[in-house]
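From first to last, the protein sequence lines are chains B and R.
Just so we're aligned, residue 1 is where the first sequence starts under my numbering, counting upward by one.
Just so we're aligned, residue 1001 is where the second sequence starts under my numbering, counting upward by one.
It should be emphasised that the hints constitute simulated quantities derived from the structure, not laboratory data.
One or more of the hints may lead you astray.
To be verified - Here chain R is said to cover these stretches of chain B; the calculated rule only asks that three of the stretch's residues, wherever they fall, bring their Cβ under 8 Å from a Cβ of chain R:
id, segment
1, 3-14
2, 95-102
3, 181-192
Every residue, glycine too, gets a C-beta built ideally from N, C-alpha and C.
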Amino acid sequence: MHPVRYHRAANLAEALALLGTPDARAIGGGTDLLVLLKEDLTRASTLVDVRGLALSETVTATDDGGLALGGALRIADIANDAAIRAAYPALAEAAASVGTVALRNMGTLGGNLAQRTRCWYFRRGAPTCLKRGGSGCPARSGANEYHAIVESGPCRTVHPSDPAVALAALDARVELTGPAGVRTLDIAALFADAARDATREAAIAPDELITRVVLPGARAGGVQRYEKVMQRGAYDFALVSCAASRAEDGTVRIVLGGVAAGPWQVNSSVEEDVAIGALDDESIDALAERAMYDVEPLAGNAYKVTIAQALLRRAMRALGT
Amino acid sequence: MRLTINGRPWEGDPAGETTLLGLLRDDLELTGTKLSCDRGECGACTVQLDGRTVHACLTLAHGCDGQAVRTVEGLAGPEGALNDLQAAFIAHDAAQCGFCTPGQLMAADALLAANPRPSDEEIRAWMAGNLCRCGTYPNILTAIRAVAEARSRG
Chain B
1 MHPVRYHRAA
11 NLAEALALLG
21 TPDARAIGGG
31 TDLLVLLKED
41 LTRASTLVDV
51 RGLALSETVT
61 ATDDGGLALG
71 GALRIADIAN
81 DAAIRAAYPA
91 LAEAAASVGT
101 VALRNMGTLG
111 GNLAQRTRCW
121 YFRRGAPTCL
131 KRGGSGCPAR
141 SGANEYHAIV
151 ESGPCRTVHP
161 SDPAVALAAL
171 DARVELTGPA
181 GVRTLDIAAL
191 FADAARDATR
201 EAAIAPDELI
211 TRVVLPGARA
221 GGVQRYEKVM
231 QRGAYDFALV
241 SCAASRAEDG
251 TVRIVLGGVA
261 AGPWQVNSSV
271 EEDVAIGALD
281 DESIDALAER
291 AMYDVEPLAG
301 NAYKVTIAQA
311 LLRRAMRALG
321 T
Chain R
1001 MRLTINGRPW
1011 EGDPAGETTL
1021 LGLLRDDLEL
1031 TGTKLSCDRG
1041 ECGACTVQLD
1051 GRTVHACLTL
1061 AHGCDGQAVR
1071 TVEGLAGPEG
1081 ALNDLQAAFI
1091 AHDAAQCGFC
1101 TPGQLMAADA
1111 LLAANPRPSD
1121 EEIRAWMAGN
1131 LCRCGTYPNI
1141 LTAIRAVAEA
1151 RSRG
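With the rest of the complex left out, here is chain B (with noise of 0.2 Å):
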């Protein structure tokens, strides 16, 4: 690795000053942004330690009865929280489902969400990668059984957080902090584009901090499930996960991880066709055919449909009958 200053920000102010400084970067646990730093993937001259200011390790609730979870919480912490099981099930399993214990202990969930690609063509520099400074992507005519059997961009990366898949079937909103304040967007304008972006995969500028996650009270409770098929039985990134939460008030979320560049929520009249329930097997197998009637596979990963539909019905089972 090539040296670095490291700075443990003592407040707010601090971190976000020094993250405007040329080639700094963001650090939390370490898990991802070492690896691309051993691997020449990017450069820093300066990391900014994140964690340990004030709040960001913290779960706190809001006065709509939801939570707000510090961008430096771990993600062991957030499987483990008691607040966020009886409220947000579906989040705590997707970040039960991460990596490793060791893992779950080093990494903070602004990290789970910024994050790099694990497309192997980006991992491995290839050099016609969009995201390695290229023009196109080379696993559309290559080995792409791990890439997005959706069309989003010129790029067929998948996300790899488990996090925010539930968060996106949760409403979540992701509160970034930079020079010019606090701006607030949705999971789905966090990673808008992520496949046509060179430089990363979600919308977070270099001198900006996710200081929050929101989870609103309306979606606390009610049915949720979170589930990942995984190659291995453990310790993998998803082929395939399904987040779906049924609010108190009977609105449906349906959200799709592994198939896209961001978390990718089904069309929202299968989700109003689940939330009206009373569904049978036959029309269950016809929503999960609707919900996925526009993907476009790629030669290696039409599996990814099977698995997504078989995801989907289950969730539909759960939310709709």
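With chain B held as given, fit chain R onto it using these hints.
The following block gives chain R in isolation, referenced to the frame of chain B:
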């Protein structure tokens, strides 16, 4: 920066890019903790930081300022007497080449501290991040189960 390493205080100022693994092995000559993949994929460098397992290869030394580090060298008692977990790994033949063993021990030690009577399924899930290319997994499972049972009998 200050650390407590296996109960002893340490103070120093390593370079910013120094990992906890580099500090332990190269500066402090605590070479029980192994360098293998260097990418957080294999678990050979597993140590405990304030009681929780981490990969020392992906942990910056400065990021641990003020914390307590426990390595495999911290398991044995005074005079180097092996603890019950180490003895069980030997008794149940839970190592072949032994390179992954320090990480396996630190992960297993943390498991038994968090969950004194884990089921086999819980042991497998917890230990999933510690790879063994010799394939001694069944014997590692047996050794951990044996220690849990022996400790519960007191």
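Here is what the structure says about each hint:
no. : hint    : in the structure
1   : 3-14    : holds (count 5)
2   : 95-102  : holds (count 4)
3   : 181-192 : violated (count 0)
Taken one by one, the earlier hints fail for this structure only at number 3.
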